[in-house]
Each structure stands twice: as structure tokens, then as C-alpha cells.
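Go ahead and model the full structure; you've got the sequences and the hints to work with.
As given, the protein sequences belong to chains V and P, one line each in that order. So in our numbering the end of the first sequence lands on 313, straight run, no missing numbers. So in our numbering the end of the second sequence lands on 313, straight run, no missing numbers.
Among these hints, one or two may not hold up.
Given that identical chains are not distinguished, each listed pair holds provided it fits within a single copy or across any two copies.
Within a straight-line C-alpha distance of at most 27 Å, the following computed DSSO-like cross-link-like pairs (lysine-lysine) qualify [said to hold, decoys possible]: (1) K280 to K108; (2) K207 to K108; (3) K153 to K201; (4) K207 to K280; (5) K207 to K153; (6) K201 to K108; (7) K280 to K201.
Hints listed in this document are in silico derivations from the structure and should not be mistaken for laboratory results.
Protein chains: 2
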Amino acid sequence: MKFTQRTVAELLGAFASPQPTPGGGSAAALAGAVGASLLAMVAGLPKSRAATAEDTARLAAAGSRCQAIAADLATLVDRDSEAYALVMAAYRQPKSNDEEKAARSAAIQEAMRAAIAAPLDVMRACAAAAEQGVVVAAMGNPSASSDAAVAFELLGAGLRGAKLNVESNLGSVKDTSYADTVRGEVEEFERALVHETAAARRAQGVV
Amino acid sequence: MKFTQRTVAELLGAFASPQPTPGGGSAAALAGAVGASLLAMVAGLPKSRAATAEDTARLAAAGSRCQAIAADLATLVDRDSEAYALVMAAYRQPKSNDEEKAARSAAIQEAMRAAIAAPLDVMRACAAAAEQGVVVAAMGNPSASSDAAVAFELLGAGLRGAKLNVESNLGSVKDTSYADTVRGEVEEFERALVHETAAARRAQGVV
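If you want it as C-alpha cells, here you go:
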């Protein structure tokens, strides 16, 4: 059964159990999903600071986009755990002769790519939600400004938590050109989040 | 129905809906609950760096404590929303004469204290989990070090998210002596988290 179909209490129990999944990767995806959902809430409040029809439409579009990103991040809660399970299965393949060793090594490398793609997609989604969050922070109902600020805290934890998982898995990757490409994307998403978070704070008049 | 008894997908939908609860306060409590649960998982892994029976017992105790703190934080997901609902109910009280105005004002002040106590308890719980997290980071299975690091990201987001809610509600509090006491506690919990996070990073050799 998918983790997102369980109750919150059950999911917390699953995180706390010594079973390897769900782990930090799924937790990071969940943090991002909650952050994006809060932004969708703020964008959807009846009152807003949008003064023109154009701004109202921009705020509504940002809210819809955050809702879609939250749905993506929710699927990543499960995808991260599924990918990690495949990595463990690959490590358990037999290695009693050269042929088996080669097959096992290839399976590990393939599984690692999926286990990197999931948290990398979490980072991408958190950065994308933060971009929409600048619009929400600027035009959303000011009485919900703490909700928007909490959303940025969660998107930050989600993105940095996912980064830890990408980096942890990159240590086992042999293809250095692929690893360099991933490291470039990681830097890009992290820079984007820092930039959007600062922009949102300026929009809220915090800085 | 309590939010923690709903499915994860339903809770995300509730965060995203324009209904005022659950909001950022409940989201902060959830982030903390996931962080504390991840620490309990790392502490409970069969392998660890605990070299003596005393260290094994310390690690197990830290894990049990994190599990209990996660349970407290899960109840705070609901408590924060319930407290916020009481604040809104107090604001809706009639104010057509002086007597009603006085009663309404008193009800708001009382409701505000509960709405401050909930996120303040979230901060306290996140700081307490971080304290146990130093033991987990130092003695837990090193192959789960990214899970412990993600846990600290979530505890940080939970504590800072809760702080935003405390501060937002403190703006409506008239009793300055009570407000000063709360501000002192907020500073104390935030300082503790910064301290414990640095200690955990040193314990993991990240520095």
C-alpha cells in the first residue's frame, strides 16, 4: 500500500520503524508537499493583495501550480521509497562469479540512477514551488503571511533533505559524467531556492 | 475527525484548501513529528556505532525518547488547529455594547494563550528531539547518517515554523509580562536547536 494512502499516524510509525523505507528521501518529499500545499492555501484565500484582474489571475495561477507541484511531491514520497527498495534488491544479487558480479554491479548502477532521480525531482519541485511562492508572498492575504513563511521553511527542508539523499547516492555512482551533470542540477536548484526565498521575504517586507 | 487519523493525501488536501485550518502551525508540528520519527528509526537500526553496553543503552533511550516526542508532536498537529479555531470563534463573538466588547476581548486573550502554547510546545519538542538527535548522530548507524541529517532539517523547519506562529499570535497579546516570558522561551528553544544541530554535525564529522 502506498504511504500516501495510509493515515498520518501510520506514516509516522513507518518513519520511526527500523525498516529502511520510508526514510529521509520520502520525508523530504513530504516536507515539500506540505510546503507547496500551504502556498496553494494562501493563494486560494478569498482576500488577497492582488489589486488588478491581471494580478488576481497571476495569484490564482500560482496557487494552481503549487497544488500540482504538491501532488507531484506526494507521489515522490512513494517513488523515493520504491527506488530505494530496488537499490537494496540490487545489492542482494548473487556475486559468486565474475558474470554475477558484473550483472550485480550493472543492476546497482541502474537502481542508483532511479534513487537519484527521485530526490533530484524533489529538489526541482521544491524550487518550482518556491518560485510560485514569491507571487503568493507578494499578493496573498497578508494575514496568512506566517503560513507562507512556514511554507518556505518546509520547502527549504525538503530541498536540502533531498540534496542529502542525492549526494549520499552519488557516492556509489561510477559514471563521472552523469554524476557531474547531477551535481550541476543540485547546485542550480539550491541556488534557485535561496534566491526565491530572499525574494519572498522582500515581498513580505521581512528584510 | 483528527487530522492525524486522515490519510496523508487527505491531510495534504486539507493544507491546500482555503479553510483556515490546518495551517502553518499544524504543518510545523508535522515537520517536527517526521523529524523525531526519523531519529527514532536511525536509533533503532540493528547496526550502530555504540561500542559499549552503556552506549547501546544510551542510543536505545534516545530512540525511545524521540518516539515519545514524535507522538507528542503528532497530537500538536491537531491541537494547533483546535486552538486556532477557538481564536476565530472568540473574534466572532458579539461586540454591540461595552459588556460584550469586554467579554469578547477576554475570550480573545484566553484563546490566544492556547494558540501560543501549541506552537511553543512544538518548539520545545523539536529542541528536545534535537538534543536526543546528537546521541543518535554520534552513535547511530553511519549508513543512515543522511536520514539523521534530514531529521535535523525537519526539526529546524518545525521549530522555526512554530516560532513564526508564536510571534504572529503574540502581536495580539495585551499582557506584556506574559509576552516577555514567551519571547524568552522562544529564544531559548531556538538557541538550543542551533547548538544541538552544530553538535550533531560535529558528531557526524560534517562540521
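Q: Please name the hints from earlier in the document that this structure breaks, with their numbers sorted from lowest to highest.
A: The structure conflicts with hints 1, 2 and 6, although it agrees with all the remaining ones.
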